[in-house]
Amino acid sequence: MGWKNLSTIIEGRLFLGTLEAAKSPRVLSDRRITHIVSVGTEPIPADNPASGIRQLRIPIEDVDYADLLIHLPAACNFIRAGMAEGGAVLVHCVQGLSRSAAVVAAYLMYSQRISATAAITTVRQAREQVWINPGFQEQLVLFELCQYNPHPNDGIYKRWRQKIQQHVR
Numbered sequence: 001m002g003w004k005n006l007s008t009i010i011e012g013r014l015f016l017g018t019l020e021a022a023k024s025p026r027v028l029s030d031r032r033i034t035h036i037v038s039v040g041t042e043p044i045p046a047d048n049p050a051s052g053i054r055q056l057r058i059p060i061e062d063v064d065y066a067d068l069l070i071h072l073p074a075a076c077n078f079i080r081a082g083m084a085e086g087g088a089v090l091v092h093c094v095q096g097l098s099r100s101a102a103v104v105a106a107y108l109m110y111s112q113r114i115s116a117t118a119a120i121t122t123v124r125q126a127r128e129q130v131w132i133n134p135g136f137q138e139q140l141v142l143f144e145l146c147q148y149n150p151h152p153n154d155g156i157y158k159r160w161r162q163k164i165q166q167h168v169r
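Each step along the sequence shown adds one to the number in UniProt numbering, with nothing skipped, and position 105 is 105.
Because the hints were derived from the structure by calculation, they are not lab data. None of the values given here were measured: they were computed from a predicted structure. Glycine is no exception: its CB is placed at the ideal position from the N, C-alpha and C atoms. Take the hints with a grain of salt, since some may be wrong.
[As the list claims (entries may be wrong)] Listed next, with one range per pair, are the computed distances between beta-carbon atoms: (1) 20 to 153: 36 to 42 Å; (2) 113 to 74: 16 to 22 Å; (3) 144 to 52: 33 to 39 Å.
Generate coordinates for the entire structure from the input sequences, incorporating the hints supplied.
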């Protein structure tokens, strides 16, 4: 399978990729990456402050019940700020298929005020192998319902968390 390590979402500004891409000094340099959103727990060279790359880490697993939703506002703000500074942003997880694709879809929803379905379609057009797990797809719908700002006291968020906690037991 010839999957690409890196796909362009917004030309020269926003990229979706793999852990391998995030670990590649050449990829980071060629694309002029200044900001990285790491969705997972695996270390990358940007973890070293001397790299000069700013990083946001979202330490979650690729499972339906992982709470990505609460991290989406910070991720969207980080991506927006990176691009506003004239930088380029790489969003990655291990394979660039589910967790990171969900974060990129959330950013598109937030910045363009489009639906979860439209955002996922846009991401898949750039990276056809994307497969966002059903739990993250549900959280993207909730992200819109929470007006792109879920928080622990939000009724929609609280009901979803209760449902997830019952399922995990």
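Here's how the hints hold up against the structure:
1. 20 to 153: 36 to 42 Å: holds (39 Å)
2. 113 to 74: 16 to 22 Å: holds (19 Å)
3. 144 to 52: 33 to 39 Å: Check passed, 35 Å falls within 33 to 39 Å.
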